[in-house]
Amino acid sequence: MSSSNGNLLDVRNLRTYFDTEDGEVKAVDGISFQLKRGETLGIVGESGSGKSVTNLSIIRLIPEPPGRIVGGKVLLDGVDILSLQESEVRKIRGRRIAMIFQDPMTSLNPFMKISRQMMEVTQLHLGHTRSQAYEHAIKMLETVGIPEARARVDNYPHEFSGGMRQRVMIAMALSCEPELLIADEPTTALDVTIQAQILELIKKLKQVTGTSMILITHDLGVVAGMTDHLIVMYAGKVFEQASTSELFARPGNPYTQGLMRSVPDPLKEQGELYQIPGLPPDVAHLPPGCPFAPRCQRAEEICTREFPPFVELTCEHFSLCHFAQEVYEESRTEA
Amino acid sequence: MNNDRPTIPGDHDQPEPGLTPDPALSYREGDIIHTAPEFALADADVLAAERSDVIASTSLWRDAWRRLLKNRLAVFGMIAVVFITVACLLGPLVIKQLTGMTPDLIPSGVGHIRSTPPLRAPDGSFSWLHPMGTDNQGRDLLARVLQGGQISLMVGIIATLVSLLIGVSYGATAGYLGGRIDNLMMRAVDVLYSLPYIIIVIVLLSVFKSQTARGQVILLFIALGSVSWLTMARIVRGQVLSLKNQEFVLAARATGVSTPRIIFRHIVPNTLGPVIVYATLTIPTVMLTEAFLSFLGFGVQAPLASWGSLATDGIQNIGIFPWQLVFPGVTMALTLFSLNFLGDGLRDALDPQGSRQ
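The listed protein sequences derive, respectively, from chains A and B. Read in numbering that gives the first Met the number 0, the first sequence has 318 at position 319, and its numbers run on one by one without any break. Read in numbering that gives the first Met the number 0, the second sequence has 322 at position 323, and its numbers run on one by one without any break.
Keep in mind that the hints were calculated from the coordinates and are not lab data. A portion of the hints provided could be inaccurate.
[To be verified] Under the rule of at most 25 Å between Cα atoms (straight-line distance), these lysine-lysine pairs were calculated in the BS3-like manner: (1) A:112 x B:243; (2) A:203 x A:138; (3) A:35 x A:203; (4) B:243 x A:90; (5) A:138 x A:90; (6) A:72 x A:90; (7) B:243 x A:25; (8) A:25 x A:72; (9) A:90 x A:205.
Can you build the whole structure from these sequences, using the hints too?
Printed below as a string of structure tokens:
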């Protein structure tokens, strides 16, 4: 226990590469973070920045080949998941670490009744008998706010709406009371009002059960209200890492600043919405310098030449930029 | 709503009477818009709305069934298949009750036996005794055709079941595991494919030649089943390849389900549509092969009969006693047509996005 320092999850220098015809893609390249019990960590970034790969690596669900976890450690309560046997990892999946996926329309098996899919988890991990598992499934459906759970538990997924299916997914994920819940863009496929309900539900259940959570999203509005800490990812690297309030108040990285400026502000009448110029880089062929340099407004000659340092701004605020200190000072004066 | 005046998001300082400003806009600090209290209300509303529609369960199968019933040829095929199957199963018993004829009964007493035409008594007058006539030895042809149908259908169905069992598990395993194992397994299939399967079956049947007629039939099941699974394996593998990257498989893996369980509980049921269609189309193919083998003399041995062996017997006297070939042949053709219609109909019903409309 002493090695875990009260951290439930401790990811150290995680690197996951994919072998493609285009060469080696460093989808995740040296990610480190800690997560304390009961806390929520947000991971934001554009598509292809390595958010999902990070989390699939944590429970070793990277398709191999072409993917492989090249290095690093994922310590769950001090035990390195990456060094465990496959059968040991299977006992962790769904029991201690559960996942909610992006698209509730495809993440439930269309040929299995809801009851059977939910019972499978608890029968597997909690040793429930059929009837115990069945009752537990109904109880979980009630917990996530499915009306008439007893009548609907034997329905097929296509008989549920998108929001209801995501509720089912949440019920399934929480049915073994996991210590860590990984939500991979849980609301991206839902429309806005349903998003709000689902987020509210996740937040409420998290408070009740006290599980830790990793929330992956590209919606800054979502992380603002939900998370304690934030990681901003770009091209497989952590660009900025801080507590949520600190990061929103004083971003110390030009990329984070760009992301925040891209959020429409209903209080200000804006002309054209700001967008970061250019496209995310091809991770297979990264330039030697800062991967964000070609799109960065304040890039200088050094940025294309040298890889930026990971600067510690305050004790819990890090930024990957040659000019991290300056950017940080600027946003302090703005705030 | 008041539509004359353009609504500017910023000017909620003086709200128009008709334009109630969205209270969410005033929440900016701390909590996000999503968690504003009015959404809790919306939540309750939606739940109330969903509560009312606990609809009768319409499963995928019921939809497919409805589509199948709209297809006239398929319905005809289905009725014909059911009719022929029932007739083959119960027919010989009924005939025995009615006329005392069994498939093997060679009437005694008649000095030299010759085949009687359909609906004729041996003396040439009209009679219901032999609706399809008799064979060379005076056995009732209807009873023999029905009994032959039992064997033919059984060969078709059992060989198809064998091919289902092997083909589905082989294809699903190869497809799911992927990579080198998949490559190895499917190349083995390719090799088997390239061998002329009729010759394999003939070799199998002659090497393991059984002494009893029943043993020969069982050998036929095994021989036909063991070569007809190849296409099934390919079909299932193709399905699995597209299914295994779907999110529900990842979700199942993320809950700690073991690999065999994922293959057989989560993925295989999803391939059932194409599998059923192909199995339905395999039955006539296997029956045809069986007829062909029996025709060559490798198939069902006397005293058992199949449609193929009956046709073989019939063809020897085709000039004089054409009914000996016509009745088994027509019955078999009808069955094969019906099964093919049914298979086509099932394909259209189970895959509504298919090209044929």
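*Does residue 243 of chain B lie within 25 Å of residue 112 of chain A when you go C-alpha to C-alpha?*
Roughly 19 Å between the alpha carbons, so the hint for residue 112 of chain A and residue 243 of chain B holds.
*Straight-line Cα separation of residue 25 of chain A and residue 72 of chain A no greater than 25 Å?*
Roughly 17 Å separates the two Cα atoms, so the pair holds.
*Given pair status - residue 205 of chain A, residue 90 of chain A, alpha carbons within 25 Å*: Distance of about 22 Å is within 25 Å: holds.
*Given the hint that residue 243 of chain B pairs with residue 25 of chain A, test it: the Cα-Cα distance must not exceed 25 Å.*
Given that 25 Å is the threshold and the Cα spacing comes to 24 Å, the pair holds.
_Can you confirm whether the C-alpha distance between residue 72 of chain A and residue 90 of chain A stays at or below 25 Å?_
holds (18 Å)
_For a C-alpha distance cap of 25 Å, please report whether residue 35 of chain A and residue 203 of chain A respect it._
The hint holds at about 18 Å.
*When you check the alpha-carbon spacing of residue 243 of chain B and residue 90 of chain A, does it fall within 25 Å?*
OK: residue 243 of chain B and residue 90 of chain A at ~21 Å, within 25 Å.
_Given hint residue 138 of chain A paired with residue 203 of chain A - CA-CA distance at most 25 Å_ = The hint holds at about 16 Å.
*Compare the distance between the alpha carbons of residue 138 of chain A and residue 90 of chain A with 25 Å, and conclude whether the hinted pair is satisfied.*
With Cα atoms ~23 Å apart, residue 138 of chain A and residue 90 of chain A stay inside 25 Å; holds.
In summary, this structure violates none of the numbered hints.
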